[in-house]
Amino acid sequence: DQQVKQNSPSLSVQEGRISILNCDYTNSMFDYFLWYKKYPAEGPTFLISISSIKDKNEDGRFTVFLNKSAKHLSLHIVPSQPGDSAVYFCAASENYGQNFVFGPGTRLSVLP
Amino acid sequence: GAVVSQHPSRVICKSGTSVKIECRSLDFQATTMFWYRQFPKKSLMLMATSNEGSKATYEQGVEKDKFLINHASLTLSTLTVTSAHPEDSSFYICSAGAGRVGEKLFFGSGTQLSVL
Numbered sequence: 001d002q003q004v005k006q007n008s009p010s011l012s013v014q015e016g017r018i019s020i021l022n023c024d025y026t027n028s029m030f031d032y033f034l035w036y037k038k039y040p041a042e043g044p045t046f047l048i049s050i051s052s053i054k055d056k057n058e059d060g061r062f063t064v065f066l067n068k069s070a071k072h073l074s075l076h077i078v079p080s081q082p083g084d085s086a087v088y089f090c091a092a093s094e095n096y097g098q099n100f101v102f103g104p105g106t107r108l109s110v111l112p
Numbered sequence: 001g002a003v004v005s006q007h008p009s010r011v012i013c014k015s016g017t018s019v020k021i022e023c024r025s026l027d028f029q030a031t032t033m034f035w036y037r038q039f040p041k042k043s044l045m046l047m048a049t050s051n052e053g054s055k056a057t058y059e060q061g062v063e064k065d066k067f068l069i070n071h072a073s074l075t076l077s078t079l080t081v082t083s084a085h086p087e088d089s090s091f092y093i094c095s096a097g098a099g100r101v102g103e104k105l106f107f108g109s110g111t112q113l114s115v116l
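As given, the protein sequences belong to chains L and Y, one line each in that order.
Residue numbers for the first sequence follow the working numbering, beginning at 1 and rising by one.
Residue numbers for the second sequence follow the working numbering, beginning at 1 and rising by one.
Simulated from the structure, these hints should not be mistaken for lab results.
Nothing here was measured: the structure is a model prediction, and the numbers come from that model.
Treat the hints loosely; a few may be bogus.
[What the hints assert, rightly or not] Here are the simulated BS3-like pairs of lysine-lysine, each with C-alpha atoms no more than 25 angstroms apart in a straight line:
no. : chain 1 : residue 1 : chain 2 : residue 2
1   : L       : 5         : Y       : 42
2   : L       : 71        : Y       : 41
3   : Y       : 55        : Y       : 14
4   : Y       : 42        : L       : 71
5   : Y       : 64        : Y       : 20
6   : L       : 5         : Y       : 41
Using the sequences provided together with the hints, build the complete structure.
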């Protein structure tokens, strides 16, 4: 049973527009969420995090929104750039721990 | 940012041989390292958690005798796939953290294992 779901395997967005990547989870004990970005042949790199005490966290062009009641989080990238093209994973953990459960990833393509 | 080095990046081996994958934290002390496996188009699946100086904790369904994990120092953890079979072919990736609550992880670049 997949505890962290990313139902869109891929997403294409025009350069300059907003990219919205979605993530749903089933475990109500998750209290810490991260987004990672992964380029081919490289390991995932940390992008942004949010804890369950917040509903929004912003870092430059990246904003993560958390809706605890819906068990849903989303990553907004504004404006999208071609260099943002990568696979994005959301990950969640309990007790702010490091045993993260990962979603399957969404491949974002930003078209020039 | 912190760097985690993983070697080799790619390995091809014959069935029945053992393969060792190294994961090093280059500029911080990693009290905890995690080993994942990823099948094509699937999520990273946690295989085991290793803490420096103690035995690794394996996730359900992961054979500890097949996937030997050693975390002998604060900067090095190794995963040995023993008596590899074609079904062990996969992408293996490590991550490391300093064990602090609420801290993000740093990932190695992964190892693509192909068992012939």
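Here is how each hint holds up against the structure:
1. L/5 <-> Y/42: Cα-Cα ~11 angstroms, so holds.
2. L/71 <-> Y/41: This hinted pair holds, its Cα atoms lying about 23 angstroms apart.
3. Y/55 <-> Y/14: Answer violated: residue 55 of chain Y to residue 14 of chain Y is near 28 angstroms, above 25 angstroms.
4. Y/42 <-> L/71: holds (21 angstroms)
5. Y/64 <-> Y/20: holds (14 angstroms)
6. L/5 <-> Y/41: Holds - the C-alpha atoms of residue 41 of chain Y and residue 5 of chain L are around 13 angstroms apart, at most 25 angstroms.
The structure is inconsistent with hint 3 alone, although it conforms to all the rest.
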